[in-house]
Each structure stands twice: as structure tokens, then as C-alpha cells.
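**Student:** Each chain, written out:
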Amino acid sequence: MSLFLQRTFDSLANGSAYAALAVAISMVFRSTGVLNLAQGQLAMFSTYIALVFATGPSPYLKFSSNTDVVGAAWPIWAAILGAIVISMVIGAFTERVIIRPISADPVAAVGATLGLYLLLGAFVRKQWGGRTMFLGSPFPQTVDDRWDIGGARLWHDSVGITLTMIGVLGLLAILQRRTKAGLAFRAVTSNQTGSVMVGIRVSRVLMLGWALAAGIGALAGGLIAGEINVRPDMMGRLLVFGLAAATLGGLRSPALAFIGGYLFAFLETMLGGYVSFIDSQVTLVWALLVLIIVLFVRPSGLLPRTETWRQR
Amino acid sequence: MRANDATTPAPVRVAWIVASAALVALSLRVAYGATPKIVTDLSNSVALALAFGGLVLLTHYLGLLSLGQGALVGVGAYAALHAVNDFGVPVVWMPIAGLLAGTLVGAIVAIPSLRLPKAYLALLTLSLAVAYPIVLKQVDGNLPVLLHGSFVAPSWTGIAEEDEHIWEFFLVASYTAVTLFLVQGLLRGPIGRAFIASRDEPEAARAFGVSVYRLRLYGVALSGGMAGLAGGLLMIPTNFNDFTHYPEELSIKMFALAMALGGSRLISAIPGAMILIFLPVWLIDRNWVVEYGWVGLFKSEGFIYAALLLATAYLTRGKGFMHLLDSRKHRKLRRAPLLNSRASMVADRLVAIEDRVTQIEELVDEPPDIGSRQNATD
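Going down the list, the protein sequences come from chains A and B.
Numbering-wise (our numbering), the first sequence opens with residue 1 and increments by one.
Numbering-wise (our numbering), the second sequence opens with residue 313 and increments by one.
Fair warning: there could be bad hints in the mix.
Said to hold, decoys possible - Dumping the calculated SDA-like pairs for lysine to any residue here, alpha-carbon to alpha-carbon at most 20 Å:
1) B:K349 x B:F552
2) B:K449 x A:V196
3) B:K349 x B:G497
4) B:K449 x A:R298
What the hints assert, rightly or not - Footprint (simulated), chain B over chain A, 3 or more residues, beta carbon under 8 Å:
5) 92-105
6) 108-114
7) 122-135
8) 241-248
Just so you know, these hints were derived from the structure itself, not from any lab.
Here a beta-carbon is modelled for each residue, glycine too, at the ideal position from N, C-alpha and C.
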């Protein structure tokens, strides 16, 4: 029982990252109909920004030979917040400059997000190299920073990451339900033409959606970096789980995508822990298989089947 | 090699025959004259042309997005290599194992995702592209797996034993040429037209009794099979398989090139494959890969492909640069005078009738002169 409990605890931090990416992907797809395949790379890029802020002037992190911009090293929390702000600006810029002119054509839009995917990867590799770097966690991470529950260890940073993510995504849900901006966002995702007719500035709302999605991704990257370290391919695996989790919500329900993130992390940990021939790397394949089975059995994910999901 | 031309004019046909003969002559010249390294690279690009062909089929004929073509190439390579190493299949026939494996995996991915909006196929294939190298590393280990077989040319070819790269090139080129010829024939026929109908007007296609889902499934399976065959063919010049050969970037680069260079021509697969193989060689030769910072970024492969994707998205709306050539040609055709005098006469009559109809419509649409009628009544 204690082993089961331990594995459940272990899945929390990863689950938070998957959930955050899944929510970000769902938000963008729901509002614009564009599958943002660069979501993971945006998160990876913002983690490097957080690293630059947190490290301060360092020959290993020089940014075009100009490290004075950063000044002294920032605390990790401040570094992550700084990265979130920059990411939100990049997200809004991406929507305005890259996606909006071609949003009517889904092939072109997906092509553009893939272009961004490659561009960010190339940028990071050429600016900061391909080696693994350490950002650290904003929460206590020493061996004593834990609670022992039922013979299992619950680490403070896992709890911190999970609560932060739940708090931020909960806040986002409240914003969507209780504020005018949230109401506008819901109206735009429901009916863009109708939103224009009632005076909502759809372009601004969409830009806000992209900015928020980029900010959530940046938060996920910054928090999970303490667990998996920072490297150019750090988000590949997370993106696959994020996409799988988003699929559980039919790509349109951030709430179900959020649940899907924790569900896939739980599944990943349990499969890797209890099935002898599956190690932690191969769990990705099982996630893929689960995804295929879910799509096969219940194409709309956990959403009720509606007209939208009929074959187009 | 146009998709939707029922008949090809004789001069165009002659031009194609001349171009094909020139291509064969050039291939012979390169195979016998170039260094073994260049011939091996050329064999790799000829093999990959098939995978590109599959991607062009998906992207431009069916309007679907596949981001896992590189992984399907890897599946084909794995199947071909293990067919020889574990089951004793003759090396000459091993690409067929790749073909079968690619078709199967393509169909497995397509069956659930094609029932949903098109984004799902992109999502699943990207997941496949990310997962495949991890799986291969797990299954085959960190070290490359060698092929237990060699390609010795038959004596009638006159190719010496130490020139096995020439024989390998001919094998790969033969497989590729035959497959592209067969697929091109398929695309020129009713199936190709049904593909295009399912892309442009799926509802109309359904109304005419075409099962769009089944058609797309066949298309994805065919594309997967072509990628798998390409993977099997890659084993001929490469002779070993390694998980580092199939990173997810390979699939994305292939997609970028197919999207940029594709169009309604399967032949565009060849330049795409050439660029994929020879661009890194060219960058290494110029020492550009070791440069860092902004200059290094602009000279990097990732930046070049990203720029290509963004340019294709903006300038052609994702339809590819070949499409621009096609639309220019169509405009030219519309402007050209009709050569056939009978057809010309009928067209003139039709234009005259249209003018009369327009005049009548204008008369009907003219508002009644209410003022004068009112005056008359008063």
C-alpha cells in the first residue's frame, strides 16, 4: 500500500506539468481552432529565460554577448514570473503576427506553429547550446523537506508545484466565469460571429487567449524544471502527454484536459512501477496506445458526443 | 506528372520522356563517376523520395496533416532489418517488410484519428514521431544494430565487388522508380480524382457515394506504406539502424519540405529528399554548424526549415510553391485563344447569349418609373 501511495505522490509533479500544457493547448484550440504544436517549445524557451534571470551574468548563459540586461541573479520565483511575463508577450505577438493573418487556413496555421517549433529549438541550441542545465525549484527541495504519510514520502516541492498549478488554473477558471474579459472569452469560443455583432473585440480576446496559454506553459516549464532539468528537448515528452491529456477533453474542455493531465501522469507512474517490462521511458508508448484506444472507443474524449465531433 | 489531367498533350509527353532519359543518364553518370560517399547519400535521398511522395499524397491530395512520416520511415527500417536478421529474408526483398510494417502502422494511427477533425491526425502522428526514437532505443539498445547481409552485384551487371555502392544505388533507384510510377498511375485515375474530391468537397463526394473516411484511410495507409518502403530501402545503403536516425525533427523537416515543394505533383518529392539529405552535408562542409549566437542561428538547419515553413504558410497559404506555378499556368490557359474553330464558334455564341441574358436581367432589375405612372393616374 505504501508503494502505491508513493507512486501516487510521485505522479503529482509530472501531472501538474501535463495538466498545464493540456489546458494551454485546449484554450488555444477552443478559441481559434488552431492546434498549437509549438506550445511545448514556447514553455521550453521561457524556462531558458527563467534560467537567464535566475543565473544572472554567466559565461554559460550569455545572450548574444550581452548579459548586462539581466543584472544580478534573481530569486527563482521572480525569475519564473519574469519568464511568464515575457512568454505572455511572445504568445500575444505570435497570435497577432504569425497566426492571425493565416488563421483561416488550418494547414497554413499548423505549418506556422511548426515553423515556430523549429525556430525556438534552433534559437535555444545556438544561443545556449544543447547541454543540460539546472534551474532548481522555487520550493524547498532538500532530503528533509518531506512529509511521511503511510510509509510514503510526500515531497514539499511536489505539493508546492501541484498546489500552485491548481491555484493558478482555478484562478483562471474564476476569471473566465466572473469577469467581463472571461465572459468575452467564453462568448468568442462559443460563437465568433455573434461576438463581433454584440461588440466584443474578438481579435483582442484571441490575443489574450494565446498570451494566457503561453503564460501557463511558462509556469509549467519553470516549475517542472526543478524535477527534469533544463535542456532543449525537455518538453518533447511533456508535449505528448499534454496532447494526450487535451484529447481526453476533446481538445475543447480545459477542465477535462486538466483532469486528463493528472490521469496520464498517474497511469505513467503506475505502469512504469508495476509492469515489469515497462520502464519509465516506454511509458510514453503506453500513453500513446491509451490515446489511440480512447480515440477509437470514445472519439469525443470524456466530452458528450455532439455534432461537432462527426467526421468532417 | 499531373494528377488531374485525363490526357497529356503529345509535346508534354515527349518532354517527359526526354527528361526521364536525361535523369537516367545523369544517374548512371553519377553512380559510376562520383565518390562512394556521394553515391550513398544519393541512394539515401532516392529512398527518402518515396517517403516524401507519401507525404505529398497526404498533404496535397487528401489535405491531411501527417507529422510522423520520419517515424514511419523508422518503422520500415526496423521491420526490414529484423526481417533479415531474425527471419532470414533475402536482403533484396527486405524493403517489402518495411512496406508492410509502414502500411500497418499508418492504418493503426489513421483508423481512430480520421473519424475526428483533421487536427487529430496531426496530433497522433506528432506523438508517434516523438515516441518512436524512445521506443527504438528501448527495443534495440543504445548501439547501432548491423544488418546481417551484404549486397553483392550479380556477375551479369559487371559491377565489381568493391563497388557495391553502385549496385545498392541501382536497387534503391529501381524500387523507387517502380513505386512512384505505380502510385502516379493510381493518382491519375479515378482514385486520385476521388482523393481530390474528398479534399475539396467532402460533402459532395459523400453525396456521390464515395466513403470519405475509407478513402482517407487508404490514403494514409498508402502513405505509411511508402514511408515504410523508404525505410526498408534506407537499410540497403546504410546497413545499420540506430535510434538517432529518426528524431522528431526529421518528421517536421519532411513535412516542411513536402508542404513547401509539394503541389499536385508527386515528382516534387525528389527535390525535397535531395534537400533533406544534402543540406546538412552542405552546412557541415561550410563549417556553419559549429557557429553559435545570432549568426549561427541564421546559418542553422532549424532556422532554414522554420523560415521555409513560415514562408510557405504566408506566401502560399500552405499550398506549396508548386501550387503557385500551377495557378499561373491555369490563368495562362484561361487567357489563351481556342485553337479549334468549332469550339471557338460555340464559345462565341455562348458569350453572345450571355450578353443578351445580362441585358435582359438589367432591364428586369431596372426600378419602375413610379413618378410618371403616378402623374398619369392623376
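**Student:** Going through the numbered hints above, which ones does this structure break? Give me the numbers in ascending order.
**Tutor:** Failing hints, ascending: 2, 3 and 4.
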